[in-house]
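From first to last, the protein sequence lines are chains E and B. Converting from the first sequence to our numbering requires adding 70 to each position, the first position being numbered 1. Converting from the second sequence to our numbering requires adding 31 to each position, the first position being numbered 1.
Keep in mind that the hints were calculated from the coordinates and are not lab data. Among the hints, erroneous ones may be present.
[Unchecked claim] Under the rule of at most 25 Å between Cα atoms (straight-line distance), these lysine to any residue pairs were calculated in the SDA-like manner:
(1) E:Lys126 with E:Asp154
(2) B:Lys73 with B:Ser86
(3) B:Lys88 with E:Ser155
(4) B:Lys88 with E:Ser96
(5) E:Lys112 with B:Val144
(6) E:Lys112 with B:Thr143
(7) B:Lys88 with E:Lys126
(8) E:Lys138 with B:Leu115
(9) B:Lys73 with B:Leu115
(10) B:Lys73 with E:Val157
(11) E:Lys138 with B:Val144
(12) B:Lys73 with E:Pro182
(13) B:Lys88 with E:Asp154
(14) E:Lys174 with B:Gly103
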Amino acid sequence: GESVGLHLPTLSVQEGDNSIINCAYSNSASDYFIWYKQESGKGPQFIIDIRSNMDKRQGQRVTVLLNKTVKHLSLQIAATQPGDSAVYFCAENVNSGYALNFGKGTSLLVTP
Amino acid sequence: EPEVTQTPSHQVTQMGQEVILRCVPISNHLYFYWYRQILGQKVEFLVSFYNNEISEKSEIFDDQFSVERPDGSNFTLKIRSTKLEDSAMYFCASSEMDRGPGYTFGSGTRLTVV
Chain E
71 GESVGLHLPT LSVQEGDNSI INCAYSNSAS DYFIWYKQES GKGPQFIIDI
121 RSNMDKRQGQ RVTVLLNKTV KHLSLQIAAT QPGDSAVYFC AENVNSGYAL
171 NFGKGTSLLV TP
Chain B
32 EPEVTQTPSH QVTQMGQEVI LRCVPISNHL YFYWYRQILG QKVEFLVSFY
82 NNEISEKSEI FDDQFSVERP DGSNFTLKIR STKLEDSAMY FCASSEMDRG
132 PGYTFGSGTR LTVV
């Protein structure tokens, strides 16, 4: 039968452009955040993380920005490539717990 | 690069049957987790495990679920009496430290309950 699931926001970008994926979190006690990439049929793959004592962290072609005032997290991907096409999830963790709370995900589609 | 390995990749079981999903975490990791993802939905936390005991569990992880580390390398999730709504991808993850960094996920086991 038909499965009912979340309709993911979709971001479509051209190869070579920069991508910005946004995430809002709800728990003001969250102090550790991770961005994951998930390709079809695979598990979440770690991209970059940031702790709440920082507001920016850079990796290779990726930057995460954290705005604790408005509880907002973003992932910037520079020079987006077709291999970046995937679903991107943000996840948050609260200091008192072990669980990662995942967001709903954004589907990134990179067109040549 | 070290990996979290999950077996089987796909399991089909009849409603009411018991299933055991297996995971081999990264060898020097001390914290182990199970998550699930129902088709088209977000990844949900089930349970975390450290020092041979459950450290945290979600509301989803009710009495029909159990976890075990039977030896020095395997970490298993048992579902005692499967229901149709247990159909999902089940991901095992491990981390070296408490709360990261990263949590490495396996590729998942797709459980289909019929």
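Non-conforming hints, listed in increasing numerical order
3, 7, 8, 11, 12, 13 and 14
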